[in-house]
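Q: If you read the protein sequences in the order shown, they are chains S and C. Taken in order, the first sequence gives residues 1 to 124; the numbers are from the working numbering. Taken in order, the second sequence gives residues 1 to 195; the numbers are from the working numbering.
I should point out that these hints are in silico values taken from the structure, not numbers from a laboratory. Please note: incorrect hints may appear among the correct ones.
[Unchecked claim] Taking CB as the label site, the calculated pair distances span:
hint: 1; chain 1: S; residue 1: Thr47; chain 2: C; residue 2: Gly140; range: 36 to 42 Å
hint: 2; chain 1: S; residue 1: Phe24; chain 2: C; residue 2: Ala122; range: 34 to 40 Å
hint: 3; chain 1: C; residue 1: Val144; chain 2: S; residue 2: Phe27; range: 18 to 24 Å
hint: 4; chain 1: C; residue 1: Ile95; chain 2: S; residue 2: Ala80; range: 40 to 46 Å
hint: 5; chain 1: S; residue 1: Val20; chain 2: C; residue 2: Val144; range: 44 to 50 Å
hint: 6; chain 1: S; residue 1: Ala87; chain 2: C; residue 2: His92; range: 29 to 35 Å
hint: 7; chain 1: C; residue 1: His123; chain 2: S; residue 2: Ile103; range: 34 to 40 Å
[Unchecked claim] Far from chain S, by Cβ distances over 10 Å, these chain C residues were calculated:
hint: 8; residue: Val25
hint: 9; residue: Arg28
hint: 10; residue: Thr50
hint: 11; residue: Ala108
hint: 12; residue: Leu110
hint: 13; residue: Ala113
hint: 14; residue: Leu151
Each residue gets a CB set at the ideal place from its N, CA and C atoms; glycine is no exception.
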Amino acid sequence: MPADQSSDFSYLAVVVFTFVGIAFIAFNLLLARLLSPSAPTPEKLTTYECGVQPIGDAWRQFNPRYYLFALLFVVFDVEAVFLYPWAVAFRQVGAFAVAEMLIFVGLLIAGLIFAWRREALQWE
Amino acid sequence: MNTLPVQIAFYSLAALTLISAAYVVRARSIIHAGFWLLPCFVGVAGLFATLQAHFFFVAQLLIYAGAILVLILFALMLTRDAMSLHVPLKSHLGIWAGLISAGLGISASLVLARQSWSVTTAHPAGPARQAEALGEALIGLYAVPFEVASLLLLSALIGAVVLAKVERAPAPEPPPLADTLPEPEETRKEPVGVE
């Protein structure tokens, strides 16, 4: 899409894509339902776990360390989103913009180094 | 852009957002409530799109539907008995929550009602110009809030590191996923997703 300065940006393609995506999956699920033979046995209905017999319940309490990695993901995702408008406006503003983004990213890198030094990133 | 398609899009997206938000509140299991947030976030992103706020559309999808939802679901996975329908989702703080929500709703409606909304015929800027204007605002006028956002993210990071370290120090009471003892046959869950 060319960067038009004033005209409206059409989301028609997004809408069409969304509905085609939904229709594609729905159609294929329906087709599989209609065409496939159904002969369920208890073995077939168990949860597939790489061929191993499933043990216990999938909904158990997970290791809290997963949360740290999810949070790291969110923090750097937010940072990446902030980088976009900064990069677009960078040419107009110049050196001050670089200094400001260095502080922004530097604080987060300090946090990452802190996590690294505390060995919070090690999985054991 | 035509007005009628935009209106149809607006009302259907608003309906999607509100209905899924109602399901978030009404869901019987907290995991289902978490998953109902996805259509809610996507609906809000679509509302940004109908306003021609392209950058917020992408950011809403990327941050909320992508990252925040994963974070919320991870947090729910850490809670005990998250999937159990027998754990009541009622809280003794219901009255306070109602009061705070009512206060927020009333003050927000007052602000919205007192604002004199002007109608403009000017078209919103194109995608590239919007991102550029936002970047200029972040560097110039809103430089301090921008850096404070970095501090906020840093504090969240440090807090998560500290919590993860504290959780490891006591006895490994919450068992990791892989090395758990087999449970009795009757607690085995019904297969999910097969009919």
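Q: Tell me, in ascending order, the numbers of any earlier hints that this structure violates.
A: 1, 3, 6, 10, 14
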